[in-house]
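J.: Line by line, the protein sequences are chains A and B. Be aware that the first sequence starts at 235, since it is given in the numbering used here, and climbs by one per residue. Be aware that the second sequence starts at 4, since it is given in the numbering used here, and climbs by one per residue.
With a Cα cut of at most 25 angstroms, we get these calculated SDA-like pairs of lysine to any residue:
hint, chain 1, residue 1, chain 2, residue 2
1, B, 265, A, 264
2, A, 452, A, 463
3, B, 265, A, 256
4, B, 110, B, 80
Calculated from the structure, these hints are not laboratory results.
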Amino acid sequence: MTITELEAPLRPPQRASRLTLAQRESIWGYAFISPWMFGFLTLTLVPVIATLVFTFLNLRLNQQQPVRFVGFDNYVTMLNDPRAWDALFVTLRFAAIALPIGLILPFSLALLLNSSYLRGSRYFQALFFMPYIIPFVAALFAWGSMLNPEAGWLNGLLEIFGLEGPDWLNDPGWVYPGLVLIGLWGIGSAVIVNLAGLQNVPTELYDAARVDGAGWWKSLRHVTLPLMSPVIFYSVTLGTVGVLQYFLVPLVLNSGTGRPAGATYFFNIYVYNTFFSFQNMSYGATLAWLLFVVILACTLVLFWSARFWVYYAGETK
Amino acid sequence: MAGEAQLVGVPELQSTAASAEREKRRRRPFDGRSLLVTSFTIILLAFFLSPLLRTLSLSLKSADQITTIGAPIWPADPATFEWEGREYDVYVVPIEGTNRELALVDKGRQESGFIDPADPDAGIITWQGSWRALEQPWEFAPRWGNFAEVWTRINFPRLLFNTAALAAIGGLGTIVSCTLVAYGFARFRFRGRGFLFLLLLSTIFLPAAVTLIPTYTIFVNLGWVGTWLPLLVPAFFANAYDVFLLRQYFLTIPRELDDAAKIDGAGPFRILTSIIVPSSWPVIVAVAIFHLVYSWNLYFEPLIYLSTAPELAPIALGLSQFNNIYGSEPQYIQAATLMTIVIPMIIFVFAQRAFMRGIVITGVEK
Chain A
235 MTITELEAPL RPPQRASRLT LAQRESIWGY AFISPWMFGF LTLTLVPVIA
285 TLVFTFLNLR LNQQQPVRFV GFDNYVTMLN DPRAWDALFV TLRFAAIALP
335 IGLILPFSLA LLLNSSYLRG SRYFQALFFM PYIIPFVAAL FAWGSMLNPE
385 AGWLNGLLEI FGLEGPDWLN DPGWVYPGLV LIGLWGIGSA VIVNLAGLQN
435 VPTELYDAAR VDGAGWWKSL RHVTLPLMSP VIFYSVTLGT VGVLQYFLVP
485 LVLNSGTGRP AGATYFFNIY VYNTFFSFQN MSYGATLAWL LFVVILACTL
535 VLFWSARFWV YYAGETK
Chain B
4 MAGEAQLVGV PELQSTAASA EREKRRRRPF DGRSLLVTSF TIILLAFFLS
54 PLLRTLSLSL KSADQITTIG APIWPADPAT FEWEGREYDV YVVPIEGTNR
104 ELALVDKGRQ ESGFIDPADP DAGIITWQGS WRALEQPWEF APRWGNFAEV
154 WTRINFPRLL FNTAALAAIG GLGTIVSCTL VAYGFARFRF RGRGFLFLLL
204 LSTIFLPAAV TLIPTYTIFV NLGWVGTWLP LLVPAFFANA YDVFLLRQYF
254 LTIPRELDDA AKIDGAGPFR ILTSIIVPSS WPVIVAVAIF HLVYSWNLYF
304 EPLIYLSTAP ELAPIALGLS QFNNIYGSEP QYIQAATLMT IVIPMIIFVF
354 AQRAFMRGIV ITGVEK
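Next comes chain A alone, as it looks inside the complex:
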């Protein structure tokens, strides 16, 4: 309507005729993706390069000394900084617990919701998904209160079974399971993605497996898992990238102090503190760059490994 009327004077006929159809299509294409290209350049590409440049300088948030080139000083500091490696280790230890749970739990729940024995599956799907929309700060307070050692319901439940519940969020040995529970309401989207994957497995394959004498476990192992491998790959990759950056919940929970006993001093907490509390931009940038390299390495290994275990149905056709 009005938009097409506006278009006309922008492209005078004599100029348009000089362009081929393909050229004109390219120009339109670039024009339409230009919002992203501009954003990518200014908010992604330039900052990524700037972060790298910062690592070779002595920038501070409250710059007092003149800015100068310090070579690899920040990298040497990082290599000799026990806090950086502790924070990385804390992050990897949490990942070792949270990542497998984050894969197995949604998958199992999707299997359950996909079971033909389950009545009212659609209602259950919606209800298991629903807490996904709850803001994480609200989920943190709801579950945090649930995990309260005296008044919380979880320890009350354990008491019924004769077990003494731990002080979840203040015991370094229990804080990771506690954080996993706090994050439990976020599994909704993974459940839905797994469920959609399961529903895409052709029933004929299960029938064929049954004819060949495969039981529940064997058809899970040899039919479901291979056909679900693209979904699993997606979950592993995004889960890894996410868990290595994990820090919002501990930031709200302990204001970045790492309580209890440094168990929640995650790598990103250290980056955040270095930048905003210690005001050391260049060193913060160096730490951020290390995290980037670790994440990039994990992603590349995962993508490389995909050829051995991820099965795309389209490939054989």
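Since the structure of chain A is provided, determine the placement of chain B on it from the hints.
T.: Here is chain B on its own, set in the frame of chain A:
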């Protein structure tokens, strides 16, 4: 639940296998195994959602109840009885083998005087023993006033307005920019299209920490700290998830429709507004809801960019700051938590189908 009629499951990707499976499910008789699986799922769901119930219960309690050991888990007050113009606490008194609920009118060390609320004229009943060892019966007494208290203490209308404004402006920016970009990737051939699309998707894997420090510096130098601009402007430059979602959907719209419009003299913008957008409402709605949930979750960006302007903070940040001040009053924290959840919850009930379909498209097809 009123919304149940609208709770519909994941839209299966249309295939005969899936519909055959559904057909089979419908015909399976309800037997012992169904009962077992369904009961197990109900127990699991009860555990999964129990914090919501606890939040609700706690938000309605009085401060006294929370600090009283042995108080019930539902909101309640100790029972009282008014007698001769004064209020007396009611206790469970064991008299002659039966427990009677009596009002304590005369407190004593070795013996106390009670009256029976059911029959006050019968006079004072004396009971031997320490009244401190007696239990009080509880009466259901929800403190709805907790919500009113939080409403003013946290300045809830302000937080709600901020969050809604951020969701609306940012949502508009996201929808417009992502639609344009997705349309560019879906319908036009240009050099480097494949590479650029891959580049777009790869930003999902980029840790935010790598861009944070220069981005913060840029926004400081632009003078945008203390305003909503650092939270809103990036939304106008599209993002990988929503572009992917929209592009996948646009690809399913037959090109013949474009061609027909082209013959009628429509330009690319006209095709976008008259063909692509009208046939894509379900995904556009999904993008809008994604952004709404995102806005209700906004915490980190406001934390660093609005530290000098607390009156502009959105709800998630407001809630965490409220907790820092009133952490010792759990009933108010839980009431505020519930108030934070309520709007996303309402939106979910009405739009969960579009929402879940959006997640399936971004999750399965990538």
